[in-house]
Amino acid sequence: MSSCPAACVHRASIRRVAPAAVVALTVWAAIAGCAGRESAAVKGRARLTVWAHHGQPAEREALAGIVAAFNAAHPDGPAVAISFFPDRQYADKVSIASATGRLPDVVEVDGPYVGPWAAEGLLKPLDGFVDDALRADFLPTIIAQGTFQDCLYALGAFDSALVVYYNRDIIARAGLAPPEHVADAWDWATFRAALEKAKPYVAVPLALHVDEPGDEWMTYAFAPLIWSNGGALIDVQHGRTIGVLDGPQAVAAITKWQRLITDGLAEASSVNPNLFAAGDAAFDWSGHWMLPAFEQTAGLDFGAMPLPRTGDRSVTSAGSWCWGISRDCRDPAAAWRFIAWLLDPERGIKPIVEANGAVPARRSAFALFPEYDSGVRRLFREQLETSARARPRTAVYLALTTSFARALRDIALGADVAAALHQAAESVQHDLDRRRARREAGR
Amino acid sequence: MSALRRTSGWWQAPAALLVAALFIAPVVWMAAASLKPNARIHRDVDSLRSFLPEPFTLENYSAALARSHLGTTLVNTLVVVVVIAGLGVLVNGAAAFAFARLSFRGRDWLFGILVASIILPIEVIVIPLFMTVRTSAFAMDYLGERPWTLAALSLPFAAKAFNIFLLRQHFLSHPRALEEAALLDGAGWITVFWRIALPNAKPALVTVVLLDFVVHWNDFLWPLVVCQGQDTRTVQLGMGNFFTQPPISWGAILAYALLITAPLTLAFAVGQRWLAKSIATSGLRG
Amino acid sequence: MNAGRREWPAAVLLLAPAALLITLFVLVPAAAMVNTSLHLQSLTAPQTGPAAGLDNYRAVIADPDFRSATGNTAFFAVLVVPVQTALALLLALWVDGPGWWRRVLRLAVFIPTTLSLTVTAVLWKLLYEPAGAAGSGLINGLFQAVGIAPQPFLTSPHQALLCIVFMSIWQGVGFQMMIFLAGLQTIPDQQYEAATLDGAGSSRQFLHVTLPGIAPTLAVVVTVTTIFALKLFVQPYLMTHGGPLGTTQSLVQYMVRAAFTHRDLGLACAAGVLFLLAVGAVTVGQRLLARRWEAAS
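Going down the list, the sequences are from chains U, V and H. Just so we're aligned: the first sequence equals residues -15 to 427 in the numbering used here. Just so we're aligned: the second sequence equals residues 849 to 1134 in the numbering used here. Just so we're aligned: the third sequence equals residues 201 to 497 in the numbering used here.
Hints in this document: simulated from the structure, not taken from any laboratory. Nothing here was measured: the structure is a model prediction, and the numbers come from that model. Quick reminder that beta carbons are idealized off the backbone N, C-alpha and C, glycines included. A few of these clues could be false.
As the list claims (entries may be wrong) - Among chain H residues calculated to face chain V with C-beta under 7 angstroms, some are:
#1 Ile222
#2 Val228
#3 Leu474
#4 Leu476
Using the sequences and the hints given, assemble the complete structure.
What follows is the structure, given as structure tokens:
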């Protein structure tokens, strides 16, 4: 075969098509580009840059609304310009920005990242702006998660809640009566028995969301099992994970968790990320952020109970996104004005909490939310006041949460619990030791 | 004629169609799944029905557009790719021409180093490259964040050893008569390169432009490291927007995937024959 | 030619832009990588940390994660390179020629290469979903429909990397096929005719005409595929997090994790230097082999 004639024809047709293709592409891009342009309202003013995580669409809209209100109320000050980042990339973005000295003025911090960011000097302390009265108005978990080595670095407008949702229809058919109060939380055997009873009525008794794309869910959702059993993820004081993360309490608690999956009471991976709303799961181990979606799901009658306990008492997670002033901020007073606006019960907390279903972070804010007196939200509030715990505040939190999440993913697929946790403990210990070496060599 | 061409058994056409169907099936499934309600995507998997967009809906596409800032990411990616390819043509073309036509001391030595550096994938030096690029972060104050990021996404990839190599092969294969006539007329080397060599190298230039287009349209790791602000992201990073808060909508993800693939498929469809041809010949003469 | 003319000023002018860019964005980073690998440095510290000799290298080599990442990457390359190259050559031989069905096959094999790795990874993650009570991925769904037992795929430490190998070949083979196809066109028809006159069968034609004819193309394809395979990142990053049991963690992923999760630039750069040496050794080895083979045939 001679390829030449075909190639020549082809060449001629390319000459005709190629410019047209380029024009089409450019026009498409230009049309699409117009839709994405920023509003011109804040142009020409000094800027206060703010970074926030993506969250749910409603949450993002609420935050944009708060920013607009702030900018309208402060025509003379710097205008707030907010950028949103996908949750999974957010922490990486901040480390990279910090390495280039390009942090925004105000950063949203996921609770457990207060430790690493404060340790690396990315945040300025807020103590100068926060008096005792204000401090006392916040939930204890909020103060705890924002505090690193006795300084307060971050405050949030809301806190989170981790519960086990249940489907009332299925519960009724299975003849179960889930507890309402933390003190009455099921022990592990009761919990398992309940899942067994629910099994005939659903595809999967319990949704655990083990295949969530991010790492943080794993630590947030399942560290409470270790805490409830009297264990810990890390000994912050002595900088140790070996013997802690792979200690007997942790191994025992996580073994119980693994059996849920290996015994077919929960799934390690699910094609449907929202089994519970579809009525395919009786229980859903999940956070407050699913509450608005569940409430809007037609035909879903549900309630929530505290996490089952692996030890003497039920422990749950707390902590959520909060706000801090970055090291690179040149006008901390202006930054604080914005944070104070975000934390104001009426202007900041109310709109954001209405959008994301989270728990208001200030006691004075509960007056605006009568719904926290009953139902699922009452449980959220009760947990935060009695049984919730912030994740450990340590410089190596990133390594800790990645390693722990990796271990749990493997354990969910049947790996040996003690070996997987030991590997995670070693990996974090390695990081701790190298950090110590760097610090000592730097002296 | 190659070996297989003569052995034309009756089985060849059906066998080829079967293999073709297997290759194309995932893409067809992706297109079909993007056009049906989310809840159905994983329900219909046990039959050939999963390859039909039934019941038909465009809701995934509207969700994808609403969530992805597609316009911004598309503009960014296009700018990056155009800068890389455009600057690349000039810079790599000039270097390739020098290696092909001029004799100067150390030429072969220099060219040897260049060819060796082809094996250095960006993925390996992504961390130190980031360390290098971040030293210019101060320029963000003058340029603005978006232009700075777009520059950081494109400038490091304009000069490319592989493209220089490819273009040099092309110049070597080209007759010199015209160039020598121009030189005798008193034209300088730069003029010869700009007026004669470069315009005559169009097929090879199309090839390197297409290669750049493909490679950098699909860049993921470097933008992941460099992009910060929302308005600086590229199309591949835009995928991250869909993996934020649960529940994840697979339908919207597939719709977005198809939207960002379309321009590339178009570019490929237009230029793939040239691409393959000049890569293959470069190997032959190298 | 033009012996009398001084050519170096023009050469400097023409080479300068490329030289500047390559120095700035390849050589300087490569030097910085070597330098950082000899120091203790954290990601967020702006200046270089204290000298550490070869400590970072010792730490990397002792790190079980690095070893398994090296093993996984090597395994991936060892499988992908020969299989993908052979398959591409086979397909190229098959689709080379007239006939509408050849054009159909050519197009079908080529279309996956227009998907980015990001898109491919997300698509195949869905296809590979294990069978569960609430539905399953397409492959397991079809398996069940024809009576094959469902497979865990990405959730099995024995299958996950093979799954990634399979989808990577699916995505990449079309490009290699096109290059082979072009290489085949450069073999003059007379050579085949001569071989036919000598009474050579199709297998002997392949060995004595086709293979030597595309040998240079083959060398390019193997080198490019090897480099592509060694920089494996997107697939495990998006599909498996490097799991299960670390069986899909790749070297590039290890480096990114060391730099951005552990914020340990010294460690990341030491891994990078080792990686670079390995890539260099593999490529040079391949070149030498190819040369010996060419000389022999």
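Tested hints:
1. Ile222: 5 angstroms, holds
2. Val228: With Cβ-Cβ at 5 angstroms, under 7 angstroms, it holds.
3. Leu474: Hint on leucine 474 of chain H: violated, closest Cβ of chain V at ~10 angstroms, above 7 angstroms.
4. Leu476: 5 angstroms, holds
This entry does not satisfy hint 3, going by the numbered hints stated previously; all others are met.
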